[in-house]
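Visitor: If you want the building blocks of each chain, they are given just below.
There are 2 protein chains.
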Amino acid sequence: MASDSPVFIGVDLGATKIVAAALAMDPGKEGVGEVLSQVKGKTPRTAKAKDIVAAIAEAAKSALASAGKPCAGLGIAIPGPLDRAKGLVRYTPNLGLENYPLAQELSAALGMPVVLENDVQAGVLGELVGGALRGCRNAVGVFIGTGIGGGIVINGELYRGSTGSAGEVGHMILMEGGPVCGCGNYGCLEALASRTAMAKDALALAASGKAPAMLDAAGTDFRKYRSSAFEEALEGGDEAVGGVVDRAGFWLGVGLANIVNLLNPEAVVVGGGVTARFGKRLLKAARASMEDRLMTGLAATVRIVQSELGDLAVPTGAAIAARRDLEARRPAGAKEKSAR
Amino acid sequence: MASDSPVFIGVDLGATKIVAAALAMDPGKEGVGEVLSQVKGKTPRTAKAKDIVAAIAEAAKSALASAGKPCAGLGIAIPGPLDRAKGLVRYTPNLGLENYPLAQELSAALGMPVVLENDVQAGVLGELVGGALRGCRNAVGVFIGTGIGGGIVINGELYRGSTGSAGEVGHMILMEGGPVCGCGNYGCLEALASRTAMAKDALALAASGKAPAMLDAAGTDFRKYRSSAFEEALEGGDEAVGGVVDRAGFWLGVGLANIVNLLNPEAVVVGGGVTARFGKRLLKAARASMEDRLMTGLAATVRIVQSELGDLAVPTGAAIAARRDLEARRPAGAKEKSAR
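Chains Z and A supply the protein sequences, listed in that same order.
The working numbering applies: residue 1 is where the first sequence begins, and numbers increase by one.
The working numbering applies: residue 341 is where the second sequence begins, and numbers increase by one.
Read the hints as simulated data drawn from the structure, not as lab findings.
Beta carbons: idealized from backbone N, C-alpha and C, even for Gly.
One should not assume that every hint holds.
Partner residues are not named here, just some residues of chain Z that face chain A (Cβ under 7 Å, in silico) [stated by the list, open to error]:
no., residue
1, Leu95
2, Ser107
3, Asn138
4, Ile154
5, Ser162
6, His171
7, Asn258
8, Asn261
9, Leu263
10, Glu266
11, Thr301
From just these sequences and the hints, can you work out the full model?
Guide: As structure tokens, then:
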């Protein structure tokens, strides 16, 4: 890659952490580019917008300083709905931002153009351009964490739906009347296969003495039932926790069957912290229950794959979104400009 | 419409009946055109391909004779998977056609070009071009009969998926472990909201004396539990049968919630014989359960509407598919040709 490739910053604004990456993107070709630097910071717990802006700006500056190059623009991925055209964050369940002009504020703080993207859409875009979905025309991304989010690729492009909210795979009801979901419904995929769903079962098993390694790793505090604790419990030989993972995989497979029967994609990428830690076991169970439920002949047409970009999927997709958006704004033939 | 508009024949090949319509389509503009004639025939019960070809040819000739005009081509809608490019019927669960070159055989019998289309896709195309989905960019069609089929519109075009099988809304699992479905799975939308699903419940109620009007209309013969019998039972005051319809509507609404949360369409059209007979009651129940389950704000973005073309949706879509296909084959600038 040419050393004068424009640099874009991609930021993943999470409820607990901020990940910023600087990527050098060859102007002549599509792709994720070269990761020049990656910085992690904490999301301030104050719920004050200006503290969040300051923390993002600090992470971005730090990623840029490590990269040592001027920057063409920044893309930031938001955990919630937004107005892309206006650069407005609509609301964020866990961050306290509401109808907030984040693009404008951050652009003023950093002196560079800023583009907003939804975090799950950014993750799918990252995998599409430079990860597990590279080259796909029709595909789906499913990201498993506290909740389950998703994104749809149709004809090689992110499909956003008629009002920008397409891709809610997590709230597909698989068992009407089943366990309660964060959305208020019952039996959604998210209520059956998210890390939160697994944590509920694993905690009950640990508390009743059936998962001693889990009890060692996380005690009985629900908040400690993170992916790393599950990994420890599995390594520690908790068969009951293995069963919880298999059960989540079973339900993930039911959800995948619905998605594949409906959309006939060539691939589904499964990402998020859970898959990075014990994705192999989860996906094995998911593939089995999916294949049991697919229409005749469909199983051979679809690949179920793990995320290739992992933690970098979202910041990479955010940087790509920024690059695309800024290139679309520039008059044809105009030269790429860089601002420090 | 100009009296010299080219005429296309659209045929709906069903398991029990064949519907053929002749449509005059103004060459200058997209649209369903003018219905010149409509003919119904019986599908032969012999399961011999040549008898089926003869019956289709007879219906098409009869429709053409009534129309009194030369014909540019014929589109035929098939209840099963097909190879459009080769004009091959892959298989038809209820007709006995398997890997059969229907386009070629029918073209030889009629002396005109023949194009195949899937029946549900044809129905969605008909509603999109000239029915309830006119003008939609992103929409879904759900057709309720013995089973439940569907089709997806993305960016104003039928979305077929990576291997041509997209749109299987009927086999979306809503209640894993629920009632058995014709596909072999349990708890699919089709097993909960098709006419077959309603018939199972209504028959049990009639047999146990709780639905006297239904018993009068259809006895205890499962095959007689058709849409017309349901209509008679509802008119006859069978509250229990009304409950069966409301229950099917409830499940239809759960399925619609999944579809709308996933695809964020601007409209969903619901068609098929069931909706023609008692669609108002069914859709009222469906809208209520859907709205209970949609993500915040989505209910206001989507219209749930009944088919406008009814019985003519499928033949109309087949004729449109024929017209499009034949226009795409013709070199640009060549004149429209007609053959008798």
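Visitor: Take the hints in turn and mark each one as holding or not.
Guide: So, going through the hints one by one against the coordinates:
| no. | hint | result |
| --- | --- | --- |
| 1 | Leu95 | violated, 17 Å |
| 2 | Ser107 | violated, 27 Å |
| 3 | Asn138 | holds, 5 Å |
| 4 | Ile154 | holds, 5 Å |
| 5 | Ser162 | holds, 4 Å |
| 6 | His171 | holds, 5 Å |
| 7 | Asn258 | holds, 5 Å |
| 8 | Asn261 | holds, 4 Å |
| 9 | Leu263 | holds, 6 Å |
| 10 | Glu266 | holds, 4 Å |
| 11 | Thr301 | holds, 5 Å |
Consistency with the previously given hints fails for numbers 1 and 2, ordered from lowest to highest.
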